[in-house]
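Based on the hints, put chain V in the right spot on chain U.
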Amino acid sequence: MANTPDTPGTPGPSTKRTTREAFRAGIRSVLPLAIGVLPFGMVYGTAVVESSISNWVGGLASSIILAGAAQLALVDLIDDNAPWTVAVGTALVINARFLMYSAALMPSFSEYPRRWRIPMAMLITDQTAVTSLLYNETDDDPNRRRLFYLGVGVALWVSWVAGTWIGIVLGASLSSGFQLEFAVPLMFLALLVPSIRDRSSLVAAIVGAAVTLIARDVPFNTGLLIGAMCGIAAGMLSGATSSASSASAASAASAASAASGEGAVVDESEQ
Amino acid sequence: MSALSMVILAALGSLVIRSALVTVLAGVTIGPRIGRGLRLVAPSVLAGLVAQTLLIQESLGESTGGSTGEPVGELLFRSLGSWHVAAAMAALVAWRTRSIAITLAVGMAAVWLLELVT
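Just so you know, the protein sequences line up as chains U and V, in that order.
Counted the way my numbering counts, the first sequence spans residues 1 to 271.
Counted the way my numbering counts, the second sequence spans residues 1 to 118.
Any given hint could be a false lead.
[As the list claims (entries may be wrong)] Derived CB-CB ranges, DEER-like:
id: 1; chain 1: U; residue 1: Trp116; chain 2: V; residue 2: Leu4; range: 26 to 34 Å
id: 2; chain 1: V; residue 1: Leu76; chain 2: U; residue 2: Thr18; range: 48 to 56 Å
id: 3; chain 1: V; residue 1: Ser5; chain 2: U; residue 2: Arg114; range: 41 to 49 Å
id: 4; chain 1: V; residue 1: Leu113; chain 2: U; residue 2: Ala172; range: 20 to 28 Å
[Unchecked claim] Under 8 Å between C-beta atoms, here's a sample of chain U residues computed to sit facing chain V:
id: 5; residue: Leu99
id: 6; residue: Gln179
id: 7; residue: Ser201
id: 8; residue: Ala205
id: 9; residue: Ala209
id: 10; residue: Ala228
id: 11; residue: Met236
Rather than coming from a laboratory, the hints here were simulated on the basis of the structure.
Ideal Cβ positions, reconstructed from N, Cα and C, are used throughout, including at glycine.
Isolated chain U (complex conformation) (with noise of 0.2 Å):
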């Protein structure tokens, strides 16, 4: 029996066209975090510039790494003849936190195809972690969970890029007037808050938080990664708690939700 490409529910053209979509609502919504990212890729390369790495260096490690807290210790330490081992150790422990993310990702990436798994995980960042679990929630479909995923990462991933570029060949002549270092807590606060949907969620972020600060001085930058760990454990506590309580902060989070206008990256459903 022949296929006819516009007949309804035929494969093809439809999935194609529904899974182009999605692609395009990832670029979308994740737009206004691409260009967050910007300004944090410019404070990245000026301290490129400043350091005594080669600018294409310090340009491919954007290429390659991908992360901006891990390049920022990794050019620190380089630059002040740090040996390899702690240099690329340190960069390794900020970035441990990846593996926690696929963790939670890889529920999703166990649907899809195997030779998308290792081009896909290299995309993982904070914020298409964030963006896509969210996305996850409200969509079944694997394609377009992948092709959503995809639109998220490769926009990061250019917006990474050009920033850090703009940032090397701008350099110094960037003022510390347009306050650029302030977008790096500002743009994990904004991913931060909508993170936050129950009791539970609220424990491990004030815990997280309030031990990442008390372990800064543990050495190799490990205090993030104690500190995560920490907010998990207690958050999973107060969640087997007091699961009530919870339930109902969830719902009062998913009116709030529900009442805020447009633009909301968050989608309650499912609580």
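Here is chain V on its own, set in the frame of chain U:
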């Protein structure tokens, strides 16, 4: 070791970190308990990153600590100022609107304005 080799090593290591679980454990069913824990990864990691980047700043100390993995300068709390106020405003907007775009716009506008008037 050259800077280029260190960048390549860090990239390879990061790839292993990012892809290890999704390739090795793909298809493994996750229990509800672990699933709950995984949902808490984003809030706890992001809160730690906010705390680190907003509240802490490295003092411009002498470069002595590189070889031991210690921070190069001393890690101090940032003195209270426009960053804190702008971040508080952005957090309030994020909570009310749950929109990343509006949060980023308000936060940057606030920090610029506060820097102008102070």
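Hint-by-hint comparison with the structure:
{"no.": "1", "hint": "U:Trp116 with V:Leu4: 26 to 34 Å", "verdict": "holds (29 Å)"}
{"no.": "2", "hint": "V:Leu76 with U:Thr18: 48 to 56 Å", "verdict": "holds (52 Å)"}
{"no.": "3", "hint": "V:Ser5 with U:Arg114: 41 to 49 Å", "verdict": "violated (30 Å)"}
{"no.": "4", "hint": "V:Leu113 with U:Ala172: 20 to 28 Å", "verdict": "holds (25 Å)"}
{"no.": "5", "hint": "Leu99", "verdict": "holds (5 Å)"}
{"no.": "6", "hint": "Gln179", "verdict": "holds (5 Å)"}
{"no.": "7", "hint": "Ser201", "verdict": "holds (4 Å)"}
{"no.": "8", "hint": "Ala205", "verdict": "holds (4 Å)"}
{"no.": "9", "hint": "Ala209", "verdict": "holds (4 Å)"}
{"no.": "10", "hint": "Ala228", "verdict": "holds (5 Å)"}
{"no.": "11", "hint": "Met236", "verdict": "holds (5 Å)"}
Consistency with the previously given hints fails for number 3 only.
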